[in-house]
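Got chain A sorted already, so can you dock chain B onto it with the hints?
Which chain is which? The protein sequence lines are A and B, in order.
Here the first sequence stands for residues 1 to 462, where the numbers follow our numbering.
Here the second sequence stands for residues 463 to 509, where the numbers follow our numbering.
It is worth saying that the hints were derived from the structure and are not from the lab.
All figures in this text were calculated on a predicted structure; none of them were measured in a lab.
One or more of the hints may lead you astray.
[To be verified] Okay, derived cross-link-like pairs now, DSS-like style, lysine-lysine, Cα gap no bigger than 27 Å in a straight line:
id, chain 1, residue 1, chain 2, residue 2
1, B, Lys508, A, Lys458
2, B, Lys480, A, Lys191
3, B, Lys508, A, Lys102
4, B, Lys467, A, Lys48
5, B, Lys508, A, Lys45
6, B, Lys480, A, Lys102
7, A, Lys6, A, Lys394
8, B, Lys467, A, Lys6
9, A, Lys458, B, Lys467
10, A, Lys319, A, Lys458
11, A, Lys102, B, Lys479
12, B, Lys464, A, Lys57
13, A, Lys187, B, Lys508
14, A, Lys45, A, Lys57
15, B, Lys508, A, Lys191
16, B, Lys480, A, Lys458
17, B, Lys464, A, Lys319
18, A, Lys45, B, Lys464
19, A, Lys191, A, Lys176
20, A, Lys143, A, Lys458
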Amino acid sequence: MIHQYKSNGYNIVLDVNSGAVHVVDELCYDVIACLSGQDGTHTPKTLKDGRALALLKESLGDRYIESELAEALEDVAELAEAGQLFAPDCYECLLDEVKKRKTVVKALCLHIAHDCNLACKYCFAEEGEYHGRRALMSYEVGKKALDFLIANSGSRRNLEVDFFGGEPLLNWQVVKDLVAYGREQEKAHDKHFRFTVTTNGVLLDDEIEAFVNREMDNVVLSLDGRPEVNDRMRPFRNGSGSYSLIVPKFQKLADSRNQERYYVRGTFTRENLDFSEDILHFADLGFKQMSIEPVVGDESDPYAIRESDLPVIMEEYDKLAKIMIEREKSGNGFHFFHFMIDLEGGPCVAKRLSGCGSGTEYLAVTPWGDLYPCHQFVGQEKFLMGNVDDGIVKPEIADDFRSCNVYTKEKCRSCFAKFYCSGGCMANAYNFHGTIHDAYDIGCEMQRKRVECAIMIKAALS
Amino acid sequence: MKHVKTLNTQTFSNTVKKGGCGECQTSCQSACKTSCTVGNQTCEQKK
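Only chain A is shown next, with the shape it has when bound in the complex (with noise of 0.2 Å):
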């Protein structure tokens, strides 16, 4: 399965089953497109045949000579036969091995307050509450929830915590005493606890931000961007801004981590579709890593984004990935979550196929010890899967999140952006489709365009 795109100049040619990536020029991009638009399963051997340099001089012989085709068919033919070219999907056959392993739990989202100082008007949480009342988790809950962490690891050692809301800031003891708790536990038990926390920053002050320094591997800053974006979409409860309070913090925290191990993170809604304007702001603050994601709503909210909206979304994307280039090249260079793609070293195939696994690696805790199969999901009943107590006692919901794989979703077969997003946010699905087994249409079209933008920006700085 082969994707190729031409963006900014560049002519891309993406082998989808092996995740090499060519940049080529004109002939050889006319030529691999006509070689895949005839048959998707050329090997090394029928590339040499004969037939190939038949059909394209048939197909291309208008614009190029036989010996410029020849010449593009063998460049095509070397790279198929090092595997990086019509590359056969040979993962599928893994699948089983997938879905029969035994999976330990390795990441919890502790809920440690159902509660907020913050209104905003997208939050999927609804000011902290979930569905449900406000609550703080006490250190009780909080403990066994690290210790069921613990026994259900198996031998995985890095166990990642993220301190979760509303805003975990309302109930800051009780994140010190269990990063205390846990610094305990995982010399007992040859554990590696990488704690995280995701804030709003109201309540950030200096004696927190020492903490989080000293503790904390990442750090969420929650933010929208310019000032108006920013205030009218995150207010106090009274109504009044909340960006002149918080950025200076931020600042001074991402100053103090020497601008490394946080993000800066924002929501951009239809109300502020030139969200670019918003990143290049968190540039211009002096941020150096951040994300601005797409709002997760309801079709009938008034900020959702609606699939009319693409276009314009689309233009934002290429917007932005050539002003990274250029900031990059002038030394002036930022992250933008999700144009960071790691071609040399990264995720493995076992890891493409399992997707963000939630459910099954990754589960929710809410205040009150009821485990969920990610944050996203909290709240609905149909998914409590169990709680800390007595731990999961509902396995066939871990049994269908594990189930839920890109090949087992109709969208992900054709998709090339399959092996990058590895199926997408089930809670989008559910969201949208009623199901897990399913993709959210919309958020689909932005990844895909995502991982163009991520692959040109490689192909610009390479």
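Only chain B this time, still in chain A's reference frame:
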């Protein structure tokens, strides 16, 4: 090759035998929380 510049030397199939240790980061824990991005993650064994 005259007409092609390949950006990567590793292919997915190279990771079939050695992969699957599971020590890598869970995708949603990094920055997204509302989508799923796996391709930008780094293999723990190659750190």
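### Task
Could you tell me which of the numbered hints above are not met by this structure, giving the numbers in increasing order?
5, 7, 17 and 20
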